[in-house]
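Asker: Chain by chain, the residues:
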Amino acid sequence: MSRLGLTILERQLPRGTAQSAKIDMTPDQRAEWCQQVAIKLIEDAIGDKYELRSTESVGPKIGEELMHGGILAALATMAAIVLYVWFRYEWQFGVGALIAMLHDVISTLGIFVIFQLDFNLTALAAALTIAGYSINDKVVIFDRVRENMRRYKKVGLVELLNLSINEALARTLMTASTVFVAVLALVLFAGPALYSFSIAMLWGVVVGTYSSIWIACAGLVYMKLRPEQLRHEKVEKAEKANA
Amino acid sequence: MLNLPRWQTIGIIVVTVLAAIFALPNLLPAGVLDQLPAWYAQSRINLGLDLRGGAHFLLEADLRGLTNERLTNLSDAVRAELRKDQIAFKDITVEGDRTLAVALRDDGQRNKALDAIRAVDRSLVLSGSGAVIQLSYADQELTRRKKDVIDQSIEILRRRVDETGTLEPTIVRQGDDRILLQVPGIKDTTDLKRKINQTAKLTFHLVNEEVAPSGQSFPAMLPPSTMLVPTREGMQALRAATPKAWAEIQAANPKLSLDQICRRFQPQCLPVFKRVVVGGEDLDDAKATFEQQTNRPIISFTFNAAGGRAFCAATRANIGKRLAIMLDNEVISAPVVQSAICGGSGIITGSFTTQQTQEQALMLRSGALPATLSIIEERTVGADLGADAVRSGMIAAVVGTLLVSVFIFAAYGPTFGGFANLAMLVNLLLVLAGMSLLGASLTLPGIAGLVLTVGMSVDSNVLIYERVREERANGRSPFSALATGYERALSAVIDANLTALIAGVLLFGFGSGPIRGFATSLSLGLLTHLFTATIFTRMLLSVWLRWRRPKELPLSGGNMLWKPLRIVPAQARIGTVHRNQHPLAAGGGLHRPEFRHRFQGRHRHSGARQGGCCAPRYAPQHPGGPGRRRSLVAGVRRPCHRLDPRAAPGRQRTMRCQRGPGTQAARRQWLDREARCSRHRRCRVHGARCARCHRVE
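First to last, the sequence lines map onto chains C and H. Heads up, the first sequence is in the working numbering, so the first residue is 1 and it goes up one at a time. Heads up, the second sequence is in the working numbering, so the first residue is 1 and it goes up one at a time.
Keep in mind that the hints were calculated from the coordinates and are not lab data. Just so you know, even glycine gets a beta-carbon here, dropped at the ideal spot from N, CA and C.
25 Å max Cα-Cα, derived SDA-like pairs, lysine to any residue:
hint: 1; chain 1: C; residue 1: Lys-40; chain 2: H; residue 2: Leu-238
hint: 2; chain 1: C; residue 1: Lys-61; chain 2: H; residue 2: Asp-176
hint: 3; chain 1: C; residue 1: Lys-61; chain 2: H; residue 2: Thr-372
hint: 4; chain 1: H; residue 1: Lys-147; chain 2: H; residue 2: Arg-122
hint: 5; chain 1: H; residue 1: Lys-287; chain 2: H; residue 2: Thr-353
hint: 6; chain 1: H; residue 1: Lys-112; chain 2: H; residue 2: Ala-101
hint: 7; chain 1: C; residue 1: Lys-61; chain 2: H; residue 2: Thr-190
hint: 8; chain 1: H; residue 1: Lys-195; chain 2: C; residue 2: Arg-53
hint: 9; chain 1: C; residue 1: Lys-40; chain 2: H; residue 2: Glu-248
hint: 10; chain 1: C; residue 1: Lys-61; chain 2: H; residue 2: Trp-246
Covered stretches of chain H (in silico footprint by chain C; criterion: 3 or more residues with CB under 8 Å from a CB of chain C, positions within the stretch not fixed):
hint: 11; region: 457-464
hint: 12; region: 503-510
Ranges of calculated distance between the beta carbons of each label pair, as one might list FRET restraints:
hint: 13; chain 1: H; residue 1: Gln-42; chain 2: C; residue 2: Lys-40; range: 34 to 40 Å
hint: 14; chain 1: C; residue 1: Leu-75; chain 2: H; residue 2: Ser-477; range: 45 to 51 Å
hint: 15; chain 1: H; residue 1: Glu-95; chain 2: C; residue 2: Gly-110; range: 46 to 52 Å
hint: 16; chain 1: C; residue 1: Lys-61; chain 2: H; residue 2: Val-398; range: 37 to 43 Å
Bound-form chain H, shown alone:
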């Protein structure tokens, strides 16, 4: 049963050696690694962020705000188009978060209006009846757009976070509207957060000087082409003066419009035309420099050809007027246009520090984020904390492995314990190799998973050995006991591993971040364990059997120097289930009076022995309560200490009554009853010490 074909043995050895080779770079010290070829030295397990130190952010793009903005723009376009075609309408309103409703004055003009709207955007879905037309974007159009927005954001984030290309950030899409950003090894996240939080949307608008020339009180109704925008200084002053107001603006959901902010909190605001003269997308480059006369930090920028032309035309037509430079919904400055600027470049002045100009220039270079990103999850771990975690994790892993192997040696001796420990080590190597090959990263919970794997990977050996012990005790030859024990234990081993694997895989599926690391190492460990338990151990056992041809298995000790550590004495029997037990109640033992004898190997009374079918059961079920039971149990004196359960060859079985209290007659009576009651029905009692029974199956 145990024998393996030669090719399988060779296969196992090859797999093991390969595993050792792949796992090795993880275990070697740095000095040795330097001398190895790079491709080999680098195939190491990546350390997760929690071990390496670094920042982990989960970002969410504000797609709703984006759709809203888009609908507002659409309503402007539709309004203009309808006016151009002289179609009278009462109102254009945004309904919900994806529909625009146009109410016409005369439903006779409906067809004309529909044509006009189609002229604006062909992809719109039009519905409604009579004088009302509802416009919405098609579903796939919206999904495509969302996808574009996220892809674009990822690209821009990459440029912003890692302009120098040395940080190796991980930036990936997660779900529909989320981005996972991981930057290993970063210590200060303040800069990083600023880079994430800012959309860096740069636009140039003309200031509408007619609305409020004095600059302070604005009329309640602005012309539809104009909007109010707070200035940066105004917002900073507001934040310094009334932090509560600032907090309210940040917390508002849905976000307050610029107009609302201006009217409610009254920071310094400017009325500007909604029409964008030039946008940040036309920027070619942006640099942080200093103004020559004053040495103030400024940002200089260059337009691309189209942007340069548009800027030139706009400045030429508006000499003497103010041009507002708007960045992220705030007016940074609004200088008066002195002359036409046609060189394709310009500068932004404002109250900047050097650091701010550098950062701002980077943002402008990398482009505007198409949607606002907010941090919805953040984890930062300092590098030294990570190093601490690695150290303590490694100590735990080493100590755990040592404890387990000492335990196994104590329980199963040098030979079999050695096999189990060898299998465990091979398992560990396989897991490490597997993680290296898969490129999985090792997190702190992952180390916990490894330690657990160590603890669980000797389990199958335990199952096999215990079964072998049992088979040997039942009188099988060493060879047959090993083969049968192995075979019979195997189904339980596989079942046990597969159930645990189910948990591991589901954990991987549902978990995130560090949990995934745990699930990875645990599941990998269980998988490789299936290999070591079913094939590797088998190979060891078969090779050993052929080599040694043992007369006795070194499992039960006895004639050896080493005495096995047994947690449960061979003869121990404990009551576990009884008849009237509710399924939700724990069965049996702890409250039963004879419990203290249970682990002492021999016991004076037991409700269940050898599956003893009619052994006395009166004590546990006596209604008189525990006190009465105790006295009853104490009253029962077994004349025999032990019925030797050793089976005689064939279907016969001898039961031997060893010395005990009571008369010979009592012993004989007991033996007789035990013999009758046990599975071995046909018994003849020989004298007072022995009964020979035939097994009835």
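With the rest of the complex left out, here is chain C:
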């Protein structure tokens, strides 16, 4: 291997058996042909002593495309979700959802940095799923906020948000717990290939719940959402005026 100046970073796979190791290449050796040569060399060098259970090489071109695709997918997902929330509720809710979602996704990325997990495509999928999942909780609370806003028109926004979050609290925590339990099974049993995905999901569930309670609604105060601004109310008012 030294003939090609291959640098080998050897390290244990997370939760892998002691016999498995991983070989990474440095950036200047990632050209497609070089990867093929490296795989061949590694096979020749250790093939008779070890069994190569899986090889994976992604050329720089594809890597870049996947990266672009991933970023695009992340942006598109968030945009679509925000638009949906806007469409179903009000723009203030959309912004609140966006802030909370960014919080969740960014802190999930942070987990990868802190624990030095592989950020692969699956992990990206986890980040996107978290974006989609964490919004579930928020939608439940938003739904409640909207309902309460119609019911208690005189109550101040802060109290109203507190009330709504508290009323939905049991729901938020129960739904989070069921997903948490399911993902926990993934972390514990699904093996090394899904490890970083499951860890990301697990963390995403925790953080998503946290942000549902403490972050998603906070933005609404700042944006001074008023009951009159609810679409439903507007329509009612217009009808009254017409009558």
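For this one, chain C is given, so just place chain H on it according to the hints.
Answerer: Only chain H this time, still in chain C's reference frame:
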């Protein structure tokens, strides 16, 4: 509200049973499957490559090199045509990667030149002015050609990879210039890679003996009809002697021409005429055999009629000269033509091993790839690793499902928990059935998607049940609480699912390979979940209500053996948002001193109670810092532990002040203030324990 028309109930049952039937082959052991009819047993979910083991390659065709080659050929043809018509030209050059520029000596001859060029190829787009003529291929011509090249490559790859027809490879076009090749169950990819990497372009050329009869030093300027080609032995020697040079040749971008390789690295080279005597496309068959005298492995081949004639004529005219056999830009051998070969067959000798001749013969049989393919992405998974992945994935799925169902049983009891778990199982069956029907393949991330689906599919039941609990606590009858709870929770359930579905669908659109598997199972799970949450659960609840006509819902426990697991105590209230909070800052709680009491059900002080509009708020906002706040909070002693929030019928509501520290007067004062401050404005305080209020809405 809950009642469903009879036909809908029947429809739901039919769908569920069908789902069970379609999902069943995936769950049955192999022994049972063998006894079932084949069409049914085979409608199983395909396992993806990562679970089955196998190789996945993404190949890219070098279309640029192809266009370049084509332009070079065009320039030769144009040059010949112009000479024939006696049109003087200075130069013919390749400009960029799709244009050829012809510079004429006399622009008076332009029209004549244009005619000559049109005679070469009618489809060319001609432009330029004066003495310069620019030739390029039309766009649609290029696209059509690209498409042809990829289609042809796919066909040839199929023949090469799966000559015996047993491997079931997937070979599909991806995008403009890419081919996805998946071979399940293959263990050693070395052979496969050789088959992909080699174009196997076979041509016969005459050796130009006049250029360098001695064979070593070539003149700087070769005649335009001649080119230098390295021999296979020469390249092998170069690779063995100086691997660096070999690496450089491989890495060069754009690829080095044969001439450049010969001149820079000086392997053994031969000057041959560019004109192709016969090409590999005229081959009919190729076989690996052995030479009779020496028993060396050789390749024997047969030409088709046209090829045989051309070969016959060429050998007859060139007896005594050397004929170079060129395969993939290397001269394999250059035997001297002893006599005219007119039988339509011949042999290729060289330093081959048996395995090489077999492989080479296969390549020649399958035809030359029209473009070089390079592997830009590779994934190989050993079959046993795949089996491991299946095992651990299944364990995770089963454990996940069990944990979730135990959790749900604990939280909502045998009846309602049972409904939720039944809905979850039906959902799982629906997903499996859907994947079987769609022919989607299950990957390891796909299993993760299934487990997530399990976790999320009980969510809607949780939403509904919690809402029902709440409605029941507000004093509705069991029937009405169920109906209202279901109805009110539904919009949140649908919204939540649709948002998650958006993420799933986009993931499917942008993702590739295993991610797609994840997106498929997750999106399918969410879709089927919409069915189970909105209709299936509703059916269960309505049937149960009609059957049991319960006086009390077995949701809140109390009088039963089972006590519900509640993560959040019914009375818990936590501060979450406060007034001066920046939208980007997390609100409320963790740093606030009273947090430790929050989940204890009763609390001594709270910034927000029952949406408490003017409950004391001085502690959290006191500028004196946390220490000061703590002492302030500790100083506030509520005379009542709890104001019973239970609503009395109608618009009246009783607030009850339970035992607590403080005098009766203090209790009364507190009650009075709470009564005034809450939503129930018009209150009369009766004694020290009770206030009766009218709801003001």
